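A.B. asks: Chain A is fixed; fit chain B onto it per the hints.
Just so you know, the sequences run in chain order A and B. Last residue of the first sequence: number 201 in the numbering used here, and the count goes up by one each step with no gaps. Last residue of the second sequence: number 201 in the numbering used here, and the count goes up by one each step with no gaps.
Certain hints may be false.
No farther apart than 20 Å at their CA atoms in a straight line, the calculated lysine to any residue pairs in the SDA-like style are these [as the list claims (entries may be wrong)]:
| no. | chain 1 | residue 1 | chain 2 | residue 2 |
| --- | --- | --- | --- | --- |
| 1 | B | 163 | A | 70 |
| 2 | B | 140 | A | 156 |
| 3 | B | 20 | A | 92 |
| 4 | A | 155 | B | 186 |
| 5 | A | 20 | B | 96 |
| 6 | A | 140 | B | 124 |
| 7 | B | 122 | A | 125 |
| 8 | A | 140 | B | 53 |
| 9 | B | 140 | A | 124 |
| 10 | B | 140 | A | 118 |
| 11 | A | 122 | B | 129 |
| 12 | A | 73 | B | 153 |
| 13 | B | 155 | A | 97 |
| 14 | B | 155 | A | 92 |
| 15 | A | 97 | B | 136 |
| 16 | B | 155 | A | 146 |
| 17 | B | 20 | B | 141 |
| 18 | B | 73 | A | 158 |
| 19 | A | 155 | B | 153 |
| 20 | A | 163 | B | 136 |
| 21 | A | 155 | B | 20 |
| 22 | B | 163 | A | 77 |
| 23 | A | 97 | B | 144 |
| 24 | B | 97 | A | 147 |
| 25 | A | 97 | B | 137 |
| 26 | B | 140 | A | 52 |
| 27 | B | 140 | A | 98 |
| 28 | A | 155 | B | 146 |
| 29 | A | 140 | B | 163 |
| 30 | A | 140 | B | 137 |
| 31 | B | 155 | A | 156 |
| 32 | B | 122 | A | 131 |
| 33 | B | 155 | A | 25 |
| 34 | A | 163 | B | 77 |
| 35 | A | 155 | B | 140 |
| 36 | A | 122 | B | 136 |
| 37 | B | 155 | A | 188 |
| 38 | A | 20 | A | 85 |
| 39 | A | 163 | B | 72 |
| 40 | B | 155 | A | 74 |
Just so you know, the hints here were simulated from the structure itself, not pulled from any lab data. This structure is a prediction, so every number in the text was calculated from the model and none was measured.
Number of protein chains: 2
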Amino acid sequence: MTDKKIKEFDTTIFLEEIRKRVSVDESQLMEFLSLWEFKTFKRNEFISSASEIPRFSIFVLKGCLRQYTVSDKGDETIVYFAEEKHFIGDLPNMRSKTASGFYFQAIEPCELLTLSAENWQKAFVQFPWWTDAHLTGYQKWTASLQQQIAEMNIKTGEERYLKLLNSRPKLFQRVPQHFIASYLGISPETLSRIRKKIFNI
Amino acid sequence: MTDKKIKEFDTTIFLEEIRKRVSVDESQLMEFLSLWEFKTFKRNEFISSASEIPRFSIFVLKGCLRQYTVSDKGDETIVYFAEEKHFIGDLPNMRSKTASGFYFQAIEPCELLTLSAENWQKAFVQFPWWTDAHLTGYQKWTASLQQQIAEMNIKTGEERYLKLLNSRPKLFQRVPQHFIASYLGISPETLSRIRKKIFNI
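One chain only, chain A, in its complex shape (with noise of 0.2 Å):
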């Protein structure tokens, strides 16, 4: 990506949310955002489908998008949200040149800064600093997925849809009720009845 090309949407939160991670010097962070592209997605348009090679590593600027899965039987279940501020991808794919497991699709229009397979091998060379970042992140992903499970074990649909809405309001305001029934696990009747008892609807 060009300084011109830069200059043509806000980098702002990447770079705040960069800076939040890890201390490194400015001029590095240029040519670091130098290896990152602007894309745009229309709201429902696929990103990247199952079956497919994922091309790129996602941060999202301003939108939100869906990663689901298909069953064999056509059932369909969201295993993530990302809003702005997110990192998304299939990066064990997108790096073994597989076909991924997951179809990330935008839910609203999308901006997003996308970093492919070469780049983020320089990166990954160049920078040391964002492979710690990396590799703490995915530490800290990987203990919250295991309680995420945990929790699926432990906790009644009630008590993750109020966890949820706790850690996430927002998402509430701007996903379909069917989606947050998909991504916990419960059916959209089940969480209906939820919301009846506790809004008094």
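C.D. replies: Showing chain B alone in chain A's frame:
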């Protein structure tokens, strides 16, 4: 760990696992190995408890251990079984010196290689190939945890039982049935019904 100490136990499977992931010369590998410490644990002994700061990361040379969490109501759920050749630990909390949310317990007498927080940091700085292998491992692990979450929503208990039986048959010979139930997020009674149906017992 000194050369003498290293000779006290068999590091073959550990070095095999490392060589499978990266190509690195033997002298570096020995230097890397010297950062690890050999520890044994008795059956049922706790390696680390929730509310404790984890002291080390683990590679299993022999034995089997479980990672689990306990809810406010006292319900226990297993999130991971580590057998021979598995890495296990709570790196985010070990590195940040904060309390873990997980218990780590030996299910069998265990022989472990352990890496302290201090030596983890040394390895990260000295051996970029280790960092690379680590990052790749974590990337694959998050994808597999996301897949596991999806399957908890999409697949029946029976389907998940059969998948685990197929992928880790030895686990079923060394782990009590109620641990398998806890890991699959089903009741011991449901597991019993599933086994009766499948094996006609």
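A.B. asks: If any of the earlier hints don't hold here, list their numbers in rising order.
C.D. replies: 2, 13, 14, 20, 21, 29, 33, 35
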